[in-house]
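Build out the structure end to end from the sequences listed, making use of the hints.
If you're matching them up, the sequences are chains Y and X in order. Just so we're aligned, residue 1 is where the first sequence starts under the numbering used here, counting upward by one. Just so we're aligned, residue 1 is where the second sequence starts under the numbering used here, counting upward by one.
Calculated from the structure, these hints are not laboratory results. None of the values given here were measured: they were computed from a predicted structure. Errors might be hidden in some of the hints.
To be verified - A partial selection of chain Y residues facing chain X, derived with a Cβ cut-off under 8 Å:
1. R22
2. D23
3. G106
4. S161
To be verified - What follows is a list of derived Cβ distance ranges for each label pair:
5. E97(Y) x G51(X): 26 to 36 Å
6. P188(X) x G144(Y): 16 to 26 Å
7. G102(X) x A132(Y): 15 to 25 Å
8. G7(Y) x G146(X): 54 to 64 Å
Glycine residues also receive a C-beta, built at the ideal position from the N, C-alpha and C atoms.
There are 2 protein chains.
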Amino acid sequence: MTGTERGPRERMVFSAAQLIRRDGVGATGMRDVAAHAGAPRGSLQHYFPGGKEQLVNEAVAWAGRYAGKRIARFMAGMSEPTPSGLFAAMVRQWTDEYETAGFLSGCPVAAATVDCVSSAPSTREAAAAAFATWRKPLAEALTGMGVPAERAGSLATLMISSLEGAIIMARAEGDVRPLTTVARELGPLLDAARES
Amino acid sequence: MTGTERGPRERMVFSAAQLIRRDGVGATGMRDVAAHAGAPRGSLQHYFPGGKEQLVNEAVAWAGRYAGKRIARFMAGMSEPTPSGLFAAMVRQWTDEYETAGFLSGCPVAAATVDCVSSAPSTREAAAAAFATWRKPLAEALTGMGVPAERAGSLATLMISSLEGAIIMARAEGDVRPLTTVARELGPLLDAARES
DNA sequence: ACCGCGTTATGACAGCCGTCATAGTAGCGG
DNA sequence: CCGCTACTATGACGGCTGTCATAACGCGGT
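Shown next as structure tokens:
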């Protein structure tokens with residue numbers, strides 16, 4: 001979650017994602033986003049003429065790109081990459097945050113999905129696209145580690161689903177145990193999918 | 001989701017759960033709940049002096065009890081119960097709803113978690129309790145099918161996490177595929193956990 | 001008849017929301 | 001200096017929110 005100093009527009013998108021993943025879409029106000037980004041309120045309607053919906057959609061898209069890029073970073077950080085190791089790294093990112101910063105925030109894509117799917121079609125599409133840009137590099141990483149192509153997509157879906165659900169349970173319980181449990185139980189299954 | 005005709009209080013809790021799982025907590029108003037339940041608006045402050053927070057918490061608790069009871073029903077509906085069959089039944093409940101009624105609604109416990117964890121401590125506790133009353137009978141069902149006790153709890157967490165995550169992905173994509181994928185990929189792992 | 005109590009009815013309140021309208025500033029090419 | 005464009009500033013608007021105050025209703029008990 002590097003907050004590199006870009007233009008005010010990008011900062012607002014980033015701040016929106018931060019606030020959405022903590023408070024949900026409904027409880028995140030436009031004024032809050034501008035304040036959190038240190039940006040003038042008047043810039044909101046200038047950069048996002050589509051209103052809150054556009055801002056939320058861009059925040060969701062940003063989160064999807066971020067998650068996708070992390071996959072490559074996790075792969076690069078492992079000397080001998082394995083599917084279970086990759087999933088453990090994905091999970092560890094969340095346990096690290098929760099142990100250092102508390103269980104304040106979840107996944108912005110999940111938050112937007114829960115809050116907007118049945119009211120804002122464009123946000124639903126943005127969420128679907130975000131999951132796609134997350135799953136694609138994940139599935140490619142799996143195939144690169146020897147997982148058959150027709151299986152990689154399914155396992156990527158399983159990994160993301162389990163992670164998202166474990167994030168929710170961990171926040172509810174105020175404990176990282178669901179996250180570590182999911183990583184431990186799923187590890188062998190993922191590694192066994194490789195054809196060696 | 002049987003709407004048995006009980007008293008107005010129970011109807012309001014039920015309606016709250018329905019609206020929350022569709023629109024999220026923030027977008028669900030008290031007036032909406034009363035209208036949806038066909039209950040007088042004045043009854044809200046009478047039955048729920050704790051305000052919206054109490055209503056949300058009771059809706060979450062109701063959902064937890066409902067999910068827990070469903071486990072026994074799924075078990076009773078299978079001639080030869082297996083862990084994979086139980087999970088498939090849990091998933092099928094959602095695919096059936098989505099294919100007949102559309103992807104309008106998700107899990108109310110997940111919605112409350114996403115929307116309230118970082119703002120309402122009591123709702124966080126209610127969500128944790130709901131997950132507990134869901135996981136407990138699930139773990140017991142697993143042990144009853146031959147899964148070692150120390151493993152059953154972990155697998156129950158894995159099953160709920162995967163299901164919750166798959167629900168979110170399915171709603172985002174407008175497709176039941178994440179749900180069916182998770183059931184298919186997780187089935188063998190669950191059955192293999194039995195000591196026969 | 002009257003009381004008491006659980007329930008309902010209704011209107012008002014302050015507060016926040018997203019959005020819009022309008023005006024203002026800065027910078028730059030001409 | 002002008003004019004243009006990009007961006008900022010500010011206040012107002014209607015609408016909705018959760019909550020409260022107040023009063024009325026229905027009805028069994030005595």
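**Request:** Give me the numbers of the hints this structure contradicts, sorted from smallest to largest.
**Result:** none
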